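S.K.: Go by the hints and put chain V onto chain Y.
Listed below, chain by chain, are the residues.
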Amino acid sequence: TQLLEQSPQFLSIQEGENLTVYCNSSSVFSSLQWYRQEPGEGPVLLVTVVTGGEVKKLKRLTFQFGDARKDSSLHITAAQPGDTGLYLCASKGISGGSNYKLTFGKGTLLTVNP
Amino acid sequence: DAGITQSPRHKVTETGTPVTLRCHQTENHRYMYWYRQDPGHGLRLIHYSYGVKDTDKGEVSDGYSVSRSKTEDFLLTLESATSSQTSVYFCAISGLYGYTFGSGTRLTVV
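Protein chains in written order, with this note's numbering: chain Y, 5 to 118; chain V, 550 to 659.
Careful, some of the hints might be misleading.
What the hints assert, rightly or not - Using C-beta positions, here's what the derived DEER-type ranges look like:
#1 Y:P118 <-> V:D605: 44 to 54 Å
#2 Y:Q13 <-> V:V659: 28 to 38 Å
#3 Y:V59 <-> V:T562: 42 to 52 Å
#4 V:T562 <-> Y:K74: 38 to 48 Å
#5 Y:N28 <-> V:S633: 22 to 32 Å
#6 Y:L7 <-> V:L645: 17 to 27 Å
#7 Y:Y104 <-> V:T566: 28 to 38 Å
#8 Y:V54 <-> V:S652: 27 to 37 Å
#9 Y:P12 <-> V:L645: 42 to 52 Å
#10 Y:T81 <-> V:G565: 46 to 56 Å
What the hints assert, rightly or not - A few chain Y residues facing chain V, derived, Cβ under 7 Å:
#11 R40
#12 E42
#13 G46
#14 P47
#15 L49
#16 T52
#17 T55
#18 Y104
#19 F108
#20 K110
Since the hints were derived computationally from the structure, they do not count as laboratory data.
Bear in mind the structure is a predicted one, so any value in this text is a computation, not a measurement.
Glycine included, every Cβ here is placed at the ideal spot set by N, Cα and C.
Same shape as in the complex, but just chain Y (with noise of 0.2 Å):
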């Protein structure tokens, strides 16, 4: 049972469009993390999401809290080619286990055509 859930799986832009991408779990997050992953390197770190209804806004990346903690969004305006990569959602303690541990959602891959 996957516990972090990523949508879609797959999306493929042009230059200059808007793009959201989801991460939902059927638990409470206690936080969440974004993470972008460039082919041939590890996941880097985006942002870390606490309290629920946070906005946090990075240059054209916006990421959004569920209220309720069990949801997250990145939203993307208009997407560059840079952009392009494998988005994941991550959290800590969602499996009941240590909260020193973080759970991956599977990602969405994105590729922003030029």
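M.R.: Just chain V, lined up with the frame of chain Y:
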């Protein structure tokens, strides 16, 4: 950024041979992790360490062992490699705001 390096970056080995992957950090972080990443499965935790000689199992620990004799080094050993262990392996350290990952080791078992 925290310094974390993995070695080797690529390895091809034969079924039944032992393999050790190394993770080295320069930031004195207490927590270190080994994940494997496979298509359709995402990142899955193999083992983690919460201090020197303190380790615990993750969700996919069968066939793997780990050791941490120094704060900076966390070793992952495949005692007898199998084709199902062909994967990309990532080491990570836990910082104040999130994890920092190494660049990965691509392991192929033939």
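S.K.: Just pull the numbers of the violated hints for me, sorted ascending.
M.R.: 9, 11, 12 and 17
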